Amino acid sequence: MNVPRPAGYSLRRRLLWLLLTTIALSWLATVGAVFLRAHEMADELFDAQLVQMAKSLLATVAARPDETPPTLEAAAYGHTQELVFQVWRRHDGHATLLMRSADAPQAPLTEAEGFSERDWGQQLWRFYSRREQLDDGFYEVQLGQQHAVRYALAEDATRHILIPLLGGLPLLALAIWFAVGRALRPLRTVTKAVETRQPEALDALAMPQAPQEVQPLIDALNELFARIRRTLDSERQFTANAAHELRTPLAALKTQAQVALRAEAESARQRALGHVIEGVDRMTRLTQQLLTLARLDPENMARKHRPVELHALAMRVAGLLTAAAHAKNIRLSIEGAREATIEGNTELLQVLLRNLLDNAIRYTPEGGAVTVSIQGEGNALALAVADSGPGIPEAERQRALHRFERLGNSRGEGSGLGLSIVARIAELHDAGFLLEQSEAGGLRASVRFGG
Amino acid sequence: MRLLLVEDDPLLGDGIEAGLCQAGFTVDWAHDGRAAENALRAEEFSAVVLDLGLPGELDGMAVLSRLRNRGQAVPVLILTARDTVPDKLAGLDGGADDYLVKPFDLDELAARLRALIRRSHGRPTALLSYAEVTLDPAARRVTANGQPVELSSREFALLEALLENSGRILARSQLERLIYGWNEEPESNAVEVHVHHLRRKLGAELIRTVRGVGYTIGTAA
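Protein chains in written order, with numbering that gives the first Met the number 0: chain W, 0 to 450; chain F, 0 to 220.
Isolated chain F, as found in the complex:
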């Protein structure tokens, strides 16, 4: 689950990045509005954590309104020190999906992000499942036939992405972007390796290879 974090404060940004990584997200961190704008134009994210008070000519609200004007529906959670009702109204009516006031709790932030992502996929329950495999994003637990399965964080992220998009074929490059952040340089066959491990742990039939295109779980249209 790849997130864009937009935060100008180095200490806070660092903390959120580390905390969300611990919670299983892949996090890219933009330090100002301009960088956020560029990232949002170029890449796809599962959700955006947006600070409002940003230095430079583009503040958080400007980034948000530009994003929505481009028709991008990615869930946005505003994370700000501005706690007045008019500020919240402006944020939510300006296109944000959620609003969290600093200081906040990391667990709450992660849970809200999971909920936002779940809703953006039109999924009513917190659990992701297909056939006998069930993935709990909050508890970071996977079971197959009711038995817990140990996965590495990359394997978990890969499985989560495939389950989240079950029925769709995801290209290898797409999967790579979803599970690796800007600062990480994956091995060229990293995705194949993770898929191989997943098949070994969960059974060969779960993840199908669509030759020349990518991977899918479920019946691809």
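Just chain W, same shape as in the assembly:
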């Protein structure tokens, strides 16, 4: 895998960032909510405290108005500058400051009644003012508290949550990194298994422990392997058959030629040379068949279809083979419709019929019969060649159509190309090609045009 390729994204990194961002955002929302709530609670708490203190102060003043000192040191009420207070008495239109905390000003802290907030000495303060009518007039308590106190509480609470969360984030990232890596391990296992394969190893990947998400990938790969294996097998079979069909006659030629060279008796030399010629004839036939087959590939074949009269075609081809049939005392006959015209390529159809008849005559024993029949069946026309030879067992008929495939009963003769040529020509005419048993127990090869 050294080929440079556009970098895809890393599933692991993407998952890491996605998960971390989601988690961090949800944490932030949580912390925000905690802060708001803590602030709210601090408000309520401190407000209640202010009210409580105001009440206590009023009660103290009301009980002994003259005994209270005018100012209280911070120590006296336990708080620092964050809290200031004043107690006023309003009588006959003017107010008297009865009491105040040490750091409280002489002027009133606030004009408003109840709660109010304003900046004071560069800080935000919250004030509370409470008035009460006592026997000798109006008393008013004013309290002020630095707002920061409340923030501090909420901040403190928030910080206590935030710090462990922030500290946990890198740990979480690490955990996610390893967990995702672990989850992706089956993918790496598959990759490794495929990578380390020998090129010729095409058996199925066996990974019984693969997770559900990876299993479809393995299944798809295995399906692919099986397809390649089937293709290769048939290629290999073809090559092996072709090698046999091409090399055997060449070997025979060479051997016979060497025998002729070495023969001492003239008769032996003549015999061997006769065999050399026979071998050359065989190679010629084979070459011709191979060339025919090559020309039948669709790219090479211009589809020149013209009306072809089958009966005339059969007469013509049978005429070419009469001598061969006669030599084996085989009765060659043509039967069926007088007028049977199809659209097709005359030369190719001639090759087709010639191959069928050649085969029939070759495999039919002396004194047998070979029949060409032309039959109309509705729109369809069937051209068939039946012989009284040994036939082909049903189980082997499909195999008979493969290139170079020779069957068990054929001995030496033939190249195994004839029927595959016929099948190919039939295919180019959109015709069906069928092998079955003839009435005489031999082979009946029929080609069905149209319909």
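Possibly wrong hints are sitting among the right ones.
Claimed, not checked - For each label pair, taking beta carbons as the anchor points, the in silico distance ranges come out as:
#1 W:K327 x F:T208: 53 to 61 Å
#2 W:E263 x F:W181: 20 to 28 Å
#3 F:S64 x W:A326: 37 to 45 Å
#4 F:S119 x W:K327: 39 to 47 Å
#5 F:L88 x W:L216: 28 to 36 Å
#6 W:A178 x F:S64: 50 to 58 Å
#7 F:S128 x W:I276: 41 to 49 Å
#8 F:E186 x W:E263: 17 to 25 Å
#9 F:V212 x W:D280: 48 to 56 Å
#10 W:A326 x F:R210: 53 to 61 Å
Just so you know, the hints here were simulated from the structure itself, not pulled from any lab data.
Computed from a predicted model, the values in this text were never measured in an experiment.
Here a beta-carbon is modelled for each residue, glycine too, at the ideal position from N, C-alpha and C.
Let chain W serve as the given structure and place chain F on it in line with the hints.
Then chain F, alone, in the frame of chain W:
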């Protein structure tokens, strides 16, 4: 030296048969696996030339594996069009002793067969000799005391068989089978006649008659 040739192609089979006969072998030709199987069960051969792609239910590899399963050690040379390495491995590991791809050279085939037969007898050199008689199977030459001796092909085959098995007694019928193929019908006293000629050409002491059993060269155990 009697060979079994297993080849389905008539033209090639004929050529090999003729060529190997020219090289001094006696050749029996089986056209398919079944015939080869029958011949191998019934008779003894010095070596087998086996084609792999045979018609019928028994192909070459099946013939070979059956032969070896029966424990028969006869040297087998595979002669085939299949030239891929896996095919060669399958053939050699399947019990073949040599592998030759078609098309081949007749001289090479004959030489390989001679080598296979030599090795099957545990003999390191190409020459067969006893006392003053030396036989060169490749050159088809015999010398006695350094002088060339003219022998007919049957006499040569007979002498070769006896030298190949020196120290063993060979029955007359055995010798007959070794020097005559299936298609040849020897005269009833053919072996005696050939032995007589050999004695005349090479000296009377070389071939000993073991009465009632057969002939031998060397000291029979």
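**Message:** For each hint given before, does the structure comply? Return the numbers of the non-compliant ones in rising order.
**Reply:** none
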